[in-house]
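Novice: So the chains spell out like this:
There are 2 protein chains.
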Amino acid sequence: MKDFFKDNDKISAIQAQYEAQKIAFAPIVFQVVRTMRDLKLLEILADNKDGLTYEELAKKSDLTKYAIQLLCETALSANIISIKNEKIYLTKIGFFIHSDKMTNTNMNYNHHVNYLGLFYLEESIKSGKAEGLKVLSDKDTIYPALSTLPQKVKDSWFDFDHMYSDSGFPKVIKILEELNPKSILDIGGNTGKFAMLFAKKNPNVNITIMDLPQQVKLAKQNIYENDIKNISTYEANILKEETSIPKDFDIIWMSQFLDCFKEEQIISILKKIMNSVDVNSEICIMEPFWDRQSNETAAYCVINTSPYFTAMANGYSKMFKYTDFEKLLKIAGLEVIEIIDDIGLCQTLIRCKK
Amino acid sequence: MKDFFKDNDKISAIQAQYEAQKIAFAPIVFQVVRTMRDLKLLEILADNKDGLTYEELAKKSDLTKYAIQLLCETALSANIISIKNEKIYLTKIGFFIHSDKMTNTNMNYNHHVNYLGLFYLEESIKSGKAEGLKVLSDKDTIYPALSTLPQKVKDSWFDFDHMYSDSGFPKVIKILEELNPKSILDIGGNTGKFAMLFAKKNPNVNITIMDLPQQVKLAKQNIYENDIKNISTYEANILKEETSIPKDFDIIWMSQFLDCFKEEQIISILKKIMNSVDVNSEICIMEPFWDRQSNETAAYCVINTSPYFTAMANGYSKMFKYTDFEKLLKIAGLEVIEIIDDIGLCQTLIRCKK
Numbered sequence: 001m002k003d004f005f006k007d008n009d010k011i012s013a014i015q016a017q018y019e020a021q022k023i024a025f026a027p028i029v030f031q032v033v034r035t036m037r038d039l040k041l042l043e044i045l046a047d048n049k050d051g052l053t054y055e056e057l058a059k060k061s062d063l064t065k066y067a068i069q070l071l072c073e074t075a076l077s078a079n080i081i082s083i084k085n086e087k088i089y090l091t092k093i094g095f096f097i098h099s100d101k102m103t104n105t106n107m108n109y110n111h112h113v114n115y116l117g118l119f120y121l122e123e124s125i126k127s128g129k130a131e132g133l134k135v136l137s138d139k140d141t142i143y144p145a146l147s148t149l150p151q152k153v154k155d156s157w158f159d160f161d162h163m164y165s166d167s168g169f170p171k172v173i174k175i176l177e178e179l180n181p182k183s184i185l186d187i188g189g190n191t192g193k194f195a196m197l198f199a200k201k202n203p204n205v206n207i208t209i210m211d212l213p214q215q216v217k218l219a220k221q222n223i224y225e226n227d228i229k230n231i232s233t234y235e236a237n238i239l240k241e242e243t244s245i246p247k248d249f250d251i252i253w254m255s256q257f258l259d260c261f262k263e264e265q266i267i268s269i270l271k272k273i274m275n276s277v278d279v280n281s282e283i284c285i286m287e288p289f290w291d292r293q294s295n296e297t298a299a300y301c302v303i304n305t306s307p308y309f310t311a312m313a314n315g316y317s318k319m320f321k322y323t324d325f326e327k328l329l330k331i332a333g334l335e336v337i338e339i340i341d342d343i344g345l346c347q348t349l350i351r352c353k354k
Numbered sequence: 001m002k003d004f005f006k007d008n009d010k011i012s013a014i015q016a017q018y019e020a021q022k023i024a025f026a027p028i029v030f031q032v033v034r035t036m037r038d039l040k041l042l043e044i045l046a047d048n049k050d051g052l053t054y055e056e057l058a059k060k061s062d063l064t065k066y067a068i069q070l071l072c073e074t075a076l077s078a079n080i081i082s083i084k085n086e087k088i089y090l091t092k093i094g095f096f097i098h099s100d101k102m103t104n105t106n107m108n109y110n111h112h113v114n115y116l117g118l119f120y121l122e123e124s125i126k127s128g129k130a131e132g133l134k135v136l137s138d139k140d141t142i143y144p145a146l147s148t149l150p151q152k153v154k155d156s157w158f159d160f161d162h163m164y165s166d167s168g169f170p171k172v173i174k175i176l177e178e179l180n181p182k183s184i185l186d187i188g189g190n191t192g193k194f195a196m197l198f199a200k201k202n203p204n205v206n207i208t209i210m211d212l213p214q215q216v217k218l219a220k221q222n223i224y225e226n227d228i229k230n231i232s233t234y235e236a237n238i239l240k241e242e243t244s245i246p247k248d249f250d251i252i253w254m255s256q257f258l259d260c261f262k263e264e265q266i267i268s269i270l271k272k273i274m275n276s277v278d279v280n281s282e283i284c285i286m287e288p289f290w291d292r293q294s295n296e297t298a299a300y301c302v303i304n305t306s307p308y309f310t311a312m313a314n315g316y317s318k319m320f321k322y323t324d325f326e327k328l329l330k331i332a333g334l335e336v337i338e339i340i341d342d343i344g345l346c347q348t349l350i351r352c353k354k
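From first to last, the protein sequence lines stand for chains H and X. All residue numbers for the first sequence refer to the UniProt record's numbering, where the first residue is 1 and numbers rise by one. All residue numbers for the second sequence refer to the UniProt record's numbering, where the first residue is 1 and numbers rise by one.
For reference, chain H alone in the conformation it holds in the complex (with noise of 0.2 angstroms):
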């Protein structure tokens, strides 16, 4: 585990004050820096390297100069630009606000899914439902909404998912491949992308995916599309008493799973799959811990994508601290065998036995 955050406070009132109106002002800042992207302002300014005057952004960008201005002017305050001599330039920050894809589908994502319902993250808190998610759909979670959402919602909310969680699969396959399985139950396996994915190169493998009904029927769907045999599926709900885990799976795989639960759920979980596998059968669980990432700026992604699962995912889970995490593990009485870090972009998979 890593001691993230450890220079907080490090600095003088001086600077405090002004990083005090930083975050007084960050709405603001957020959505004039987005706007200048999805003009395409930062792509100009990136093919135009040795600067533009006001004038000759607002002619390339078909924009008036008021609207240059009032832009560039915050981009000037947030260090997207610099300004020397009347002309702009991109600088760094700006640089990856333009062109770095994990910068650009977390400002997708907190833009187009959490923004306007962010605004009811207080309530969020105090009633323990996920109240902003009223902003796109009259559910009570938003797993059932999702395949409705708007189109752009839709869009940047699975290329968040996937960047995350997609990017694991195949250093995390070649790890379960060594393992040599003849079964593995995908608990929560959604539409199947893991489950397609490593059935596709083990033909040998039985996989069966475990998930809610409308989970199930979409798995089911991608399946037969892609014509694939050794995938089953399993309709249940894991959090109802009377249901129970399926038997004789050599690996029980979870993937993104448990951060959808709250403690006391995680730990009936996990239990009930203590009461289905032996001695020889693994749990494996991929999460992304923010105490195990390799550097504080992923530590930072990962901690500030928690409060979307209060106000619109289903107001009660989060992402996990690892040393929080063990903590579960151990009440329900699981043995830690192994810990493989960085495992695409920020996964960690932890081995697991009776």
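Keep in mind that a hint or two might mislead.
No copy is singled out in the list; a pair is fine if it fits within one copy or between any two copies.
[Said to hold, decoys possible] In silico SDA-like links for lysine to any residue, alpha-carbon gap of 20 angstroms or less: (1) Lys262 to Asn206; (2) Lys101 to Ser12; (3) Lys87 to Asn48; (4) Lys40 to Glu123.
If you are wondering where the hints come from, they were derived from the structure by calculation, not from laboratory data. Predicted, not measured: the structure shown is a model, and the values here were computed from it.
Based on these hints, arrange chain X on the given structure of chain H.
Specialist: Coordinates of chain X only, in the frame set by chain H:
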């Protein structure tokens, strides 16, 4: 004038990548920090300088441990708190968010007035109209809607407006008194705040408020309630061609008035004034110019007030850079005789003659 933001781009690429993520997650940090302030978590931490555990903070605030941990992890990542040996401490930035009046007023204004409408900044830039205003009102500009806005929005708007403009009144009134005027024309006098202050202190000076009918109505009510005899009113839309400026005033006074207009409108207003004054009259303009602030933090706040004008107020005005404003004065033929900075929080007084 000061050359603010000249240190832009003096950071490494690694630091720039981190700063880009801070912008991409800015709405998350804003809403978490505001929620912590409004749920009194920052106050509780300020009152417990020896630190509190998550459990202790949950107990003292009557929130769940989940809520506390979620908010505190984002706050940790944003340097609002520090954590040592599982105890949470408020940082200097957290202290400013908790107890600095200016920071609080800025944050309330950006949450209650601007946050939701800022989602439509891109559309406002494209259309030249305040497209974000639709979340609050069906009017074209915010000014006629002000009196009917929801209470929290109205309070936050007026607190912000008064903090910036009213803070300059005591000092500027002394400066104007030294000019020994017999009469003042207060163009854009709004609800009469400046006029009433000046008139009470100087019962022998006659002040005329010139503004739109709905503003004059509110001003008249205030003047009546305060039983002030030396203020009269003049209803007019200064943008209309047929409107002329009343003559024979010693001082033409405009406080945070011209920043509500486009450059060509400002030139036209200044030219109209030039046609009404003689060589002995003074034209006194008070505005917050971002390049004349005493420090970069103040410049940052003034600049980032501008996107409100685009998305929420009218779609086409902004706060000025003095070097731009100077050009407009020149085009209209005004001669600047004195510039006085550091009036109140952020104002500059420009004394001009024909």
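Novice: Could you figure out if Lys87 and Asn48 sit no more than 20 angstroms apart (CA to CA) within one copy, between two copies, both or neither?
Specialist: within (11 angstroms within a copy, 50 angstroms between copies)
Novice: Please work out whether the CA atoms of Lys262 and Asn206 approach to 20 angstroms or closer within one copy, between two copies, in both situations, or in neither?
Specialist: Classified as neither: same-chain Cα gap 30 angstroms, cross-chain 68 angstroms, threshold 20 angstroms.
Novice: Treating 20 angstroms as the Cα threshold, decide for Lys40 and Glu123: within, between, both or neither.
Specialist: Between copies, since 14 angstroms is at most 20 angstroms while 36 angstroms is not.
Novice: Within a copy, between copies, both or neither: which one fits Lys101 and Ser12 at a CA-CA cutoff of 20 angstroms?
Specialist: between (34 angstroms within a copy, 19 angstroms between copies)
Consistency note: the structure conflicts with earlier hint 1 alone.
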